[in-house]
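In the order they appear, the protein sequences are chains A and B. Quick note, our numbering runs 12 ahead of the 1-based positions in the first sequence. Quick note, our numbering runs 354 ahead of the 1-based positions in the second sequence.
Hint data in this document are derived by calculation from the structure and do not stem from the laboratory. Fair warning: this is a prediction, and the values are worked out from it, not measured in the lab. For every residue, glycine included, the Cβ atom is placed at its ideal position computed from N, Cα and C. Warning: the hint list may mix true and false statements.
A few chain B residues that face chain A, going by a derived Cβ cut-off under 8 Å, partial list only [said to hold, decoys possible]:
| hint | residue |
| --- | --- |
| 1 | Phe357 |
| 2 | His420 |
| 3 | Ile423 |
| 4 | Ala424 |
| 5 | Phe426 |
| 6 | Tyr430 |
| 7 | Ile503 |
| 8 | Ala507 |
| 9 | Ile510 |
| 10 | Phe514 |
| 11 | Gly517 |
| 12 | Arg544 |
| 13 | Val549 |
| 14 | Leu556 |
| 15 | Ala564 |
| 16 | Val571 |
The chain contents come next:
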Amino acid sequence: MSVTAVHSLWTTTAAPGSPGVPAIDRIPAPTIEYAQLAPVLIVVGAAVLGILVEAFVPRKGRYHAQLFLSVVALAAAFAAVVALAAGGYGTTKKHIAAMGAIAMDGPTLFLQGTILLASIVAVFTFAERRLDPEAHGNRVDSFVAQAAAVPGGEGEKAAVKAGLTTTEVFPLALFAVAGMLVFPAANDLLTLFIALEVLSLPLYLLCALARRKRLMSQEAAVKYFLLGAFSSAFLLFGIALLYGYAGSVSYARIAEVIGGSVQSVDPALADTMGNDALLLIGAALILMGLLFKVGAVPFHMWTPDVYQGAPTPVTGFMAAATKVAAFGALLRLLYVVLPGLRWDWRPVMWAVVIVTMLGGAIVAITQTDIKRLLAYSSIAHAGFILAGVIAATPDGVSSVLFYLAAYSFVTIGAFAVVTLVRDAGGEATHLSKWAGLGRRSPLVAAVFAVFLLAFAGIPLTSGFSGKFAVFKAAADGGAGVLVVVGVIASAIAAFFYIRVIVLMFFSEPKPEGPTVAVPSALTTAAIGVGVVVTLVLGVAPQYFLELAGQAGGFVR
Amino acid sequence: MSFPLLTATAALPALGAIATAAVPAARRTAAKWLALLFSLGTLALAVVALVRFEPGGARYQLTESHAWIAEFGVRYELGVDGIGVSLLALTALLVPFVILAGWHDADPLEDARPNRRWRPTQGFFALILAVEAMVILSFEATDVFLFYILFEAMLIPMYFLIGGFGDRAAPAQFAAKAAGAGDEAAATQRSYAAVKFLLYNLAGGLIMLAAVIGLYVVAGTFSLTEIAEARANGSLSMATNTERLLFLGFFFAFAVKAPLWPLHTWLPNAMGEATAPVAVLITAVVDKVGTFAMLRFCLQLFPEASKWATPAILVLALISIVYGALLAVGQRDMKRLIAYASISHFGFIIMGIFAMTSQGQSGATLYMINHGISTAALMLVAGFLISRRGSRLIADYGGVQKVAPVLAGTFLIGGLATLSLPGLSPFVSEFLVLVGTFSRYPVIGVIATLGIVLAALYVLVLYQRTMTGPVKAEIRTMPDLRVRELVVVAPLIALLLFLGVYPKPLTQIVDPAVEHTLSDVQKTDPKPEVEAAR
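All chains should be built: construct the whole structure from the sequences, respecting the hints.
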């Protein structure tokens with residue numbers, strides 16, 4: 013078959029209704045609003061460029077080239093988000109772009125902005141090269157010398173000796189960011205799935221790249237990958253069932269079918285369309301896939317192991333940006349696709365919220381490793397955020413947006429502090445080693461205390477503003493019981509945050525205790541941004557609350 | 355726009371806290387003087403506020419109102435009534451004495467390794483000023499949200515004050531216990547006390563948070579004046595159960611803070627382990643926020659529920675009075691004794707508030723102030739005593755009045771004030787509270803007098819065991835009060851005497867505010883104010 017024949021076969025099949033007319037005219041060219049997709053495109057483009065840098069730039073120059081490229085790309089993407097918001101896409105000009113695949117509205121822009129800012133800060137911590145002692149005269153970051161080398165083997169030693177560093181982390185992070193940008197914007201289920209995979213696969217890899225404790229890091233990556241694959245499978249299965257139910261993967265279309273305003277039955281799906289069993293099972297499976305990503309109980313099992321094993325900068329990045337993206341997708345799903353199903357998903361989500369808040373807080377009490385502790389704390393916080401999610405009011409959306417923005421900077425800052433406390437074996441994450449840190453380095457301990465107080469939701473920190481916003485939204489939405497459970501969980505959670513503060517300030521330093529490394533300007537900037545955002549959002553959250561309030565409406 | 359006086363009274367100590375914290379490590383003395391200056395400046399502003407406050411004028415005076423967080427319906431609203439302004443003055447008055455009394459409490463130990471960045475002294479005084487700023491602002495806040503934020507946030511500096519600074523080991527000549535193991539045990543106890551303090555109060559505060567949110571859902575605003583007005587003219591009605599639940603949420607937090615039996619157990623630990631000035635800060639300043647808030651928020655926002663809960667609260671207050679006094683009698687540790695005595699006194703205050711009579715509430719307000727002054731006097735002298743001997747145990751003392759007569763004398767006056775001897779100011783308030791309670795609840799009033807009898811017992815036994823009798827060998831060379839210590843104690847004693855003989859200036863300010871509060875409560879349910887016929 014000649015090329016022309018294939019072409020005409022292809023085009024005539026695409027337009028079967030009108031044989032005889034030159035079909036080439038009949039293909040509707042997809043309209044892609046490049047300007048509105050600019051944030052995503054910039055990041056993806058930079059990621060591709062980053063791969064080329066890996067291929068062609070000499071080893072010595074790669075670190076600086078990658079760092080420069082990543083920061084510039086993320087900043088440019090953020091500028092694009094701001095320009096779009098200034099152009100009214102968040103408020104007046106809500107739009108569904110790229111043939112129905114991407115929704116450009118307030119939540120999308122707000123979340124994309126948050127993800128990009130958090131990613132810039134996270135990339136700073138990725139690029140930190142002052143903390144680890146120099147290996148054979150080469151400055152190294154927290155990532156493995158050569159990912160493919162067997163841990164502890166000859167290959168690894170050679171790679172360390174040669175001064176190799178894994179600069180691939182930067183393009184990997186950029187790919188993950190690109191996925192995260194699309195995830196909350198996805199307006200059909202297939203885009204949602206693709207975005208999920210684009211954001212997850214690089215994260216699986218990043219988790220495996222710790223320079224110290226490599227086996228633990230690889231174990232974390234495998235666990236994350238296996239469980240992530242499970243959850244992706246659930247999600248995909250749910251998508252298939254929902255397609256069977258609605259005959260479409262588009263959010264708006266599914267919502268219409270659920271709402272009963274669409275009667276026309278696709279002949280190919282006559283057996284399944286409108287079958288409520290498919291709808292309920294499909295929606296439940298999709299929710300499970302998303303709840304896995306946000307780390308809600310009972311889909312949280314991966315969180316502590318992965319948070320502990322992954323390189324700490326990656327942990328911070330995941331805990332902040334991934335969570336923002338996943339909650340964004342969850343919000344859109346519940347508010348745009350499934351509002352008609354509210355009476356079905358609300359009771360289930362109530363249960364999930366309660367066990368997530370209480371489970372995270374209670375299990376965290378018994379933790380002895382600071383990274384695991386923060387992991388369980390992130391589970392408890394997922395519960396608090398979910399309480400706002402299920403309020404099912406515009407207030408609920410904006411409170412969740414605000415909470416996510418507040419929480420992500422505290423998280424990155426806290427994990428950045430964790431990278432500073434070190435002993436001979438790398439980061440000293442066991443809590444007993446933090447004893448007396450307040451004596452040794454009052455500043456670092458005080459900064460960490462600020463983050464812990466923000467996690468605990470003490471007034472005058474961003475944690476309180478966020479918690480107040482979601483609880484208020486939940487109470488307004490008629491979920492007073494959740495608020496009461498939420499404050500009880502907060503009281504339990506306060507206990508373990510305070511335990512760490514006690515340890516740092518009121519315990520005598522151990523003679524063989526860890527040292528606090530003096531970071532470069534990069535980590536200092538990350539921590540500084542965290543502290544400033546924490547305090548500003550705590551004392552004067554007005555502007556940001558307004559921003560989140562304006563961004564509260566979804567386009568359908 | 356006029357000068358924001360109320361903001362200034364809180365901003366000055368806040369600035370002082372920042373300035374003090376920023377003093378370099380080597381300039382410890384400068385930090386102390388700076389903190390003292392800022393606290394004195396705050397006192398001056400508080401006096402100005404007191405003078406500019408017109409007792410017969412509007413209910414809330416010196417008001418300020420600015421937009422703050424519109425999304426939450428929160429405004430930055432300040433205003434004081436007679437109760438608020440007098441407690442503001444009390445706070446501003448006590449803090450300079452607290453700072454002076456704690457002058458050497460946070461000096462670094464001599465054997466401490468030099469560390470350029472570890473600045474405990476600066477931290478100590480900065481934290482005291484931070485607490486002062488938040489307490490003062492909480493007395494001024496007329497926005498429920500603003501009050502809540504301060505109510506919670508003040509726990510953090512307080513927590514570091516309790517956990518970070520303990521009694522100093524004795525000077526060399528009195529060294530009773532070996533350093534090392536003993537110190538570590540003390541540190542463990544102290545951090546236990548600090549955590550207990552924080553968790554109790556945080557739990558109370560979080561329950562209140564749920565109620566604060568609930569209040570907003572019901573009322574749609576956080577402004578105390580707006581809600582009270584809407585309640586008064588009937589435009590805002592609450593379902594009975596809603597009001598009761600919200601009341602309980604608020605009251606729980608205040609009862610933890612006050613503290614009321616059975617939520618009191620954190621206080622003896624905290625006061626026992628903290629240094630004497632910090633203990634004064636806890637009981638005389640911070641805890642007053644709890645009782646003050648009952649008057650201002652519980653009664654105004656939830657009058658019906660307050661009346662509903664009155665019998666139960668009176669019984670709890672009665673238990674506090676008797677139980678606190680009984681446990682005080684049994685204490686072997688001076689500071690814990692004073693702590694239990696305070697629990698007994700807080701019982702009187704709460705009883706006075708919920709007796710819902712004008713004498714009772716005036717008495718309760720005066721009680722807050724007098725208890726602040728008298729406890730400060732007693733506790734600070736006890737602190738001076740403890741710093742000389744290095745022990746809090748009563749049994750370690752004896753015959754002090756022969757060695758240090760001035761110390762013993764001031765201790766006695768502080769003690770007599772605590773047991774409400776006529777002629778000293780606490781007598782006036784205790785009498786008013788009892789009269790106010792008796793006129794409505796005679797049985798409870800009668801049982802409450804037990805508290806006075808027991809107070810005489812624990813104070814006099816304490817004095818007898820420590821100050822009289824044969825002089826113990828370890829204290830033979832104990833020095834008497836120093837000039838700095840006299841400067842702390844003398845004005846407090848003078849105030850106790852003055853207000854005991856002539857309480858009018860205070861009652862003049864407090865009474866109109868009490869009338870307002872009572873009318874809030876009674877408005878919907880007119881009851882004879884005093885059943886005079888009885």
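Holds or violated: is there a CB of chain A closer than 8 Å to the CB of B:Arg544? Since chain A brings a Cβ to about 7 Å from B:Arg544, closer than 8 Å, the hint holds.
Interface hint outcome for B:Ile510 [beta carbon to chain A under 8 Å]: This interface hint holds because 6 Å falls under the 8 Å limit.
Restraint: B:Phe357 near chain A, CB-CB cut 8 Å. Satisfied or not? Cβ of B:Phe357 sits 23 Å from chain A, so the hint is violated.
Just to be careful: measuring from the Cβ of B:Val571 to every Cβ in chain A, is the smallest value less than 8 Å? holds (5 Å)
How about B:Phe514: closest beta carbon in chain A under 8 Å, or not? Holds, about 7 Å.
Hold the hint about B:Ala424 up to the distance rule: shortest CB distance to chain A must be less than 8 Å. With a minimum Cβ separation of about 6 Å from chain A (threshold 8 Å), the hint on B:Ala424 holds.
Could you check if B:Tyr430 really has its C-beta closer than 8 Å to a C-beta on chain A? Not OK, violated: B:Tyr430 not within 8 Å of chain A, min 11 Å.
Does B:Phe426 pass the interface hint, meaning its C-beta sits closer than 8 Å to a C-beta of chain A? OK, holds: B:Phe426 within 8 Å of chain A, min 7 Å.
With chain A as the partner, please determine if B:Leu556 meets the hint condition of a C-beta pair closer than 8 Å. Given a least distance of 5 Å, the restraint on B:Leu556 holds.
Hint B:Ala564 vs chain A: min CB-CB distance below 8 Å? Given a least distance of 5 Å, the restraint on B:Ala564 holds.
Min Cβ distance, B:Val549 to chain A: is it shorter than 8 Å? holds (6 Å)
Hold the hint about B:Ile423 up to the distance rule: shortest CB distance to chain A must be less than 8 Å. holds (5 Å)
Checked against the numbered hints given earlier, this structure breaks hints 1, 2 and 6; the rest are met.
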